[in-house]
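S.K.: Chain by chain, the residues run as shown.
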Amino acid sequence: MDEFILTALAAGLGVALVAGPLGSFVVWRRMAYFGETLAHSALLGVALGFLFGINLNLGILAVCVVVAVLLVLLRQYQRLASDTVLGILAHSSLSLGLVAIAFMEGLRVDLMGYLFGDILAVTPTDLYWIYGGGLLVLATLVAIWRPLLSLTLHEEMARVEGVRVLPVQLVFMALVAATIALAMQVVGILLVISMLIIPAAAARAFARTPEQMAVIAALIGALAVLGGLAGSFQWDLPTGPAIVVTATAIFALVTSARGLGAARA
Amino acid sequence: MPAVQQLAMQASGEAPRIRLQDVAVTLGGRSILEDVSLDVVPGRITTLVGNNGAGKTTLLRVVVGLTRPAAGRVWRASRVRIGYVPQHFAVDVNLPITARRFMALSGYADAARWQEVVDDTGVAALLDQPLQGLSGGEMRRILLARALLQHPSVLALDEPAAGLDGRSQGALYRLIGTLRDRYGCAVVVISHDLNLVMAASDEVLCLEHGRIACRGAPASVIEHPEYQKLFGSHLGPDTGVFPHDHHDHSHAHPRRSAAGGGHG
Chain E
75 MDEFILTALA
85 AGLGVALVAG
95 PLGSFVVWRR
105 MAYFGETLAH
115 SALLGVALGF
125 LFGINLNLGI
135 LAVCVVVAVL
145 LVLLRQYQRL
155 ASDTVLGILA
165 HSSLSLGLVA
175 IAFMEGLRVD
185 LMGYLFGDIL
195 AVTPTDLYWI
205 YGGGLLVLAT
215 LVAIWRPLLS
225 LTLHEEMARV
235 EGVRVLPVQL
245 VFMALVAATI
255 ALAMQVVGIL
265 LVISMLIIPA
275 AAARAFARTP
285 EQMAVIAALI
295 GALAVLGGLA
305 GSFQWDLPTG
315 PAIVVTATAI
325 FALVTSARGL
335 GAARA
Chain X
13 MPAVQQLAMQ
23 ASGEAPRIRL
33 QDVAVTLGGR
43 SILEDVSLDV
53 VPGRITTLVG
63 NNGAGKTTLL
73 RVVVGLTRPA
83 AGRVWRASRV
93 RIGYVPQHFA
103 VDVNLPITAR
113 RFMALSGYAD
123 AARWQEVVDD
133 TGVAALLDQP
143 LQGLSGGEMR
153 RILLARALLQ
163 HPSVLALDEP
173 AAGLDGRSQG
183 ALYRLIGTLR
193 DRYGCAVVVI
203 SHDLNLVMAA
213 SDEVLCLEHG
223 RIACRGAPAS
233 VIEHPEYQKL
243 FGSHLGPDTG
253 VFPHDHHDHS
263 HAHPRRSAAG
273 GGHG
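Protein chains in written order, with the working numbering: chain E, 75 to 339; chain X, 13 to 276.
With the rest of the complex left out, here is chain E (with noise of 0.2 Å):
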């Protein structure tokens, strides 16, 4: 097999195992929209990054991790509503890093990259930045996992308990953010939440504990990226699309599978 195919292989395995984890409080926790905002928010940084000449994966995680704090924030004191502060975010960050970009004389990006992703231009280098970002991102949550838990199960509970609130979302909110930088490279800015959601979405079928659900979508993120990059180079398709709708087949099947279980039981 081609290095550049182990290489992606292992860039998307890598992704998956982190995104799992992650995705299963996104989902918990209702913050779809949330991600997709941080995830908007990561052009910004890839044109800072080209800017001021520093590691994109830098300037991506720089971004989204202020994107985050903001919008702990603002979630606490706004006097607008959740879903129009993100809305105004994730737009108006989408559209300057897009404008920024355009305004780089004499740079070429490839702006379809970015957005859709290439986990075929993925570098050793960039492996390093995957796994070593990734355990440090799952080390991290091993750590604030019950406090997390708990905030998320009722956060006014949680808090009067003695768990500290802020610090725990900022954290988590920081941890989303290097997940998004760090599978940016893999499905691109437009479909990075749905590495996040969907194989935590599916993993709820087959989960009886908040960890179960955590590990099996791990797993299932895995699958969906054999089963993308072997599409993508079966039928010559978008490597990123090709894994998202992997991703989405499998949640359909275990979905219907349960219905049916349902309405049989």
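Some hints could be false.
Coverage of chain X stretches by chain E, computed from C-beta distances (three or more under 8 Å per stretch; other residues unrestricted) [unchecked claim]: (1) 48-58; (2) 71-85; (3) 112-119.
Keep in mind that the hints were calculated from the coordinates and are not lab data.
If you're wondering where the values come from, they're calculated on a predicted model, not measured in any experiment.
Glycine included, each C-beta is placed from N, C-alpha and C at the ideal position.
Fit chain X to the given chain E structure using the hints.
M.R.: Chain X only, in chain E's frame:
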């Protein structure tokens, strides 16, 4: 910013665990609470009653530390531990979690305490049920059990009987009284059912427009003109209001419902 201080406590069971003094809360420029003082004392059930918007929930939030007062003082005993049962509790359908795991998440209980609380609250049969499958009454008992696992010195219950039928409400209030006696914690509870409130309380605080309209033992509060102005005078000694005995709750439930009770 108001002072939130540590209240130096004696070993005495009667010393307050939390003390609010002349507390005021303002939200969005609107006064929600004004000049409210309250001692949260071990072994005492204090019930907050009042109409909608009277400030009951805000007062409970100040007690548990969720809302900071704009004026006044709040003292807390050192190492005070609060068991809080919120009024609304809904779990996302996508979160697979059993009652057992939910209770264990509080993280405080040893095996003996766990068994004691499970027996006292009667939740043994519910432990392996998914939270989403529990009825309102079952969920209240699980929330109560979870709060008790944390060895609370103060139990704060926000309308624990909301949404329950009359029989379940009576059972829940009797359970709260029993738990108070058994664990010796202070209980602050919001209730709309005046009849049940009167039967199961040691002290009633009647709030109106953010101020305390009247307070005292249930039997004296119902005679208070402010209370009668708010709720009418249809509760009496023959409707379940009687001198409260901490150690015998076998009779501590109303004999008939209060017509036109709380609207709160």
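S.K.: Compare the structure with each hint and give your call.
M.R.: Against the structure, the hints come out as follows:
1. 48-58: Our answer is that it is violated, as 0 residues pass the Cβ test (under 8 Å) against chain E, missing three.
2. 71-85: holds (count 3)
3. 112-119: holds (count 5)
Consistency note: the structure conflicts with earlier hint 1 alone.
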